[in-house]
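Using the hints provided, position chain B relative to the given structure of chain A.
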Amino acid sequence: MSSKQSNAERIQWITKMALLLALAILLNIVENMIPAIPTLPPGVKLGLSNVVVMYCLFFLGKKEALMLAFLKSGFVLLARGGPIAFLMSFSGGLCSILIMIFLLSLKKRSVSYIIISICAAVAHNAAQLLVSALLLQNGMVFYYLPVLILSGVGMGFLTGITLRVLIPALGRLKRQ
Amino acid sequence: MNKKSNCKVNQLDKGEELVKNRFDFHPRTEFWLIFGVVVLCAGILLWRGNKEKAAPIGIAVISYDGEVQMRIDLSSEQDKTFTFEKNPKVQFEIQDHAIRFVHVECPDKLCEKSGFLRVENQTAVCLPNRTTLTIQGSGGDIDAFV
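Those protein sequences? They're chains A and B, same order as listed. Residue numbers -16 to 159, in the numbering used here, belong to the letters of the first sequence in order. Residue numbers 2 to 147, in the numbering used here, belong to the letters of the second sequence in order.
So that you can see chain A by itself, here it is in the shape it has in the complex (with noise of 0.2 Å):
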C-alpha cells in the first residue's frame, strides 16, 4: 500500500482482505468436512476457496489475489500437516493464480472465464503433481496425471459457475 492513501482506504483495504481470507480459510474447511464421494478418485476436491481467489484477482488486482494465496497457504501451515501441506497448498495456489494472471493479460482475445477456472484448477493441480513427485523423488505419481486433469476440467467448471452464482453476494464487499 503506498503512503499516499488516506488511512480509510488502507482500513478498508485490510478489512477487505481479511474477510476475503476468512472466507477462502471457512470455503476450505467446509470443503473438508463434505465426505468424500466414493466413486471419486482419492485426492480429488472441490477447491472451492479458489472462487475467493478468483474474485480476488478478478476484483481487486494480482497483488491481492498472491497475498490471499500466501495467506491462505499459511493458514495450511498452521492447521493441518506442516511444512509440506504448506508447500503443497502454496505451489498450487500460486501456479493457479499466475495461469490466470496470463489468460487475463491476453491481449488479443478475452478468454472466457469458465475456462480460466479450468485452466487454474488444471494448473493447480499439476502444480502440486509435480511438487509431490519432487519431494517423494518418485515419477510414479505421474500416474495420477489423467485423473487430476479430468478432475480440475470438472471443478474448474463447477467453481467458475459457483464464482457467478455468487458475484451478486460478493458484489456487496464494494458498497460501504
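Treat the hints as calculated values from the structure; they're not laboratory data. Treat each hint with caution, since some may be false.
As the list claims (entries may be wrong) - If you only want the chain A side, here are some residues facing chain B, beta carbon under 7 Å, derived:
1) Leu117
2) Leu119
3) Gln120
4) Val124
5) Tyr126
Ideal placement from N, C-alpha and C gives every residue a C-beta, glycine not left out.
Just chain B now, kept in the frame of chain A:
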C-alpha cells in the same frame, strides 16, 4: 486522492464487467482444446483400466524418501499386516495378493483411500510420511527372489 479512489472504482467495475462479459461459453478454440484434453485423458484411463484387468500380479515396491525399502512379490506373499523400519507410522496390509496402506498417521488419509494395488504401475502415495507404494511388473526381477 480522488483520482486514486476513482481508480479503485474502475478496477471493481472492470471485474464485474469481466465476469459478465466472459460468461459466454461458445465453442471456440479454447473449448475444443479443453475438450480434446478431456477426451485424451479419458481415453488413457479407459485403456489403462482395460490393460489392468488382464495384467499379471506384480511386485510391490515400498519407498521412503526416494529410497526403496522393501520389495514384495505379491503373487506368492501370504496375507499379513506389517510396517517398515524407517517409518512405523505407515502400515501395509496384504490380502488376496493385493496390497494397501492401513492405519496411517496422516491428516487426510489419501493413501488409504487409494485402496488395494495389484498390477503394474498402480501407485499410492502418503506425502506427509514421504512414502510411496508402487507395483512393478513381475518381469526379470522374479529370479532374484527364488
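Now for the hints, and whether the structure bears them out:
no., hint, verdict
1, Leu117, "violated, 10 Å"
2, Leu119, "holds, 5 Å"
3, Gln120, "holds, 3 Å"
4, Val124, "holds, 6 Å"
5, Tyr126, "holds, 5 Å"
In this structure, only the earlier hint numbered 1 is contradicted, and the remaining ones agree with it.
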